[in-house]
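Under my numbering, read the sequence shown as residues 20 to 244, first letter to last.
Calculated from the structure, these hints are not laboratory results. Be aware that one or more of the hints could be misleading.
For lysine-lysine, the following DSSO-like pairs were computed, each having C-alpha atoms within a straight-line distance of at most 27 Å [as the list claims (entries may be wrong)]:
1. LYS95 with LYS42
2. LYS104 with LYS92
3. LYS67 with LYS42
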Amino acid sequence: MNNDWTDEELRAAVDVYVEMLQKHHSNKPFTKKHYYEELHRKYGRTEKSFEYRMQNISYVLSLMGRNWLPGLKPAKNIGAKNAAKIEKMLAEAEGVSFIPVANFETAVREELDKPLLHEPIGNVTPKIIQTKISAYQRDAKVKAWVLKVANGICEGCGNVAPFYGTDGIPYLEVHHIRQLADGGSDTITNAVALCPNCHREMHYGIDRDRLISKLYSKVPRLIRE
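Taking the hints into account, I'd like the entire structure generated from these sequences.
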């Protein structure tokens, strides 16, 4: 079968991934293999092909700073074009608007794999891209409470905040363990104060599951959702 994936096949894989992710977050039982078998019967590709495509979807989610489905470790062997398509399809499947990042970040990683030859010219006057985004209405009291309790100490690594903000407050960032985009609550039982390094690792690190488990063990107020 042709190795080029049609938009129909990509969308089917994305829809199935989103369905499994929603079931995972709702603690509903499901079997990945069952979904792969259904996709195989409909489109003819091997179950392994669909499993690997699911890992590509995990990779796109990782570029977006989103949590991926456990057991489907991100696989980066995906072109920028398909990454952009998957990102758009994810937003459509979840019914949200988004700021596109997958195409750019995939292209960056493709360049990183090449020998460093010439200095790029870049763009002296970068173009402005108009986008529509959705945002969650958060409770300021929750963020303030979490920061006050942390008292300038990262609840992840335990280090002192790396600097003071212009407001004179030790700089920490509040992170939702189960992300709001995945149905997480904006409550103190789902939020921690992290230094920028720990926060970025929680969004983009390959060991985020280990860090999440560590936080649940370390911070008594946290409750798994």
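Do the hints match the structure? See the list:
{"no.": "1", "hint": "LYS95 with LYS42", "result": "holds (25 Å)"}
{"no.": "2", "hint": "LYS104 with LYS92", "result": "holds (20 Å)"}
{"no.": "3", "hint": "LYS67 with LYS42", "result": "holds (21 Å)"}
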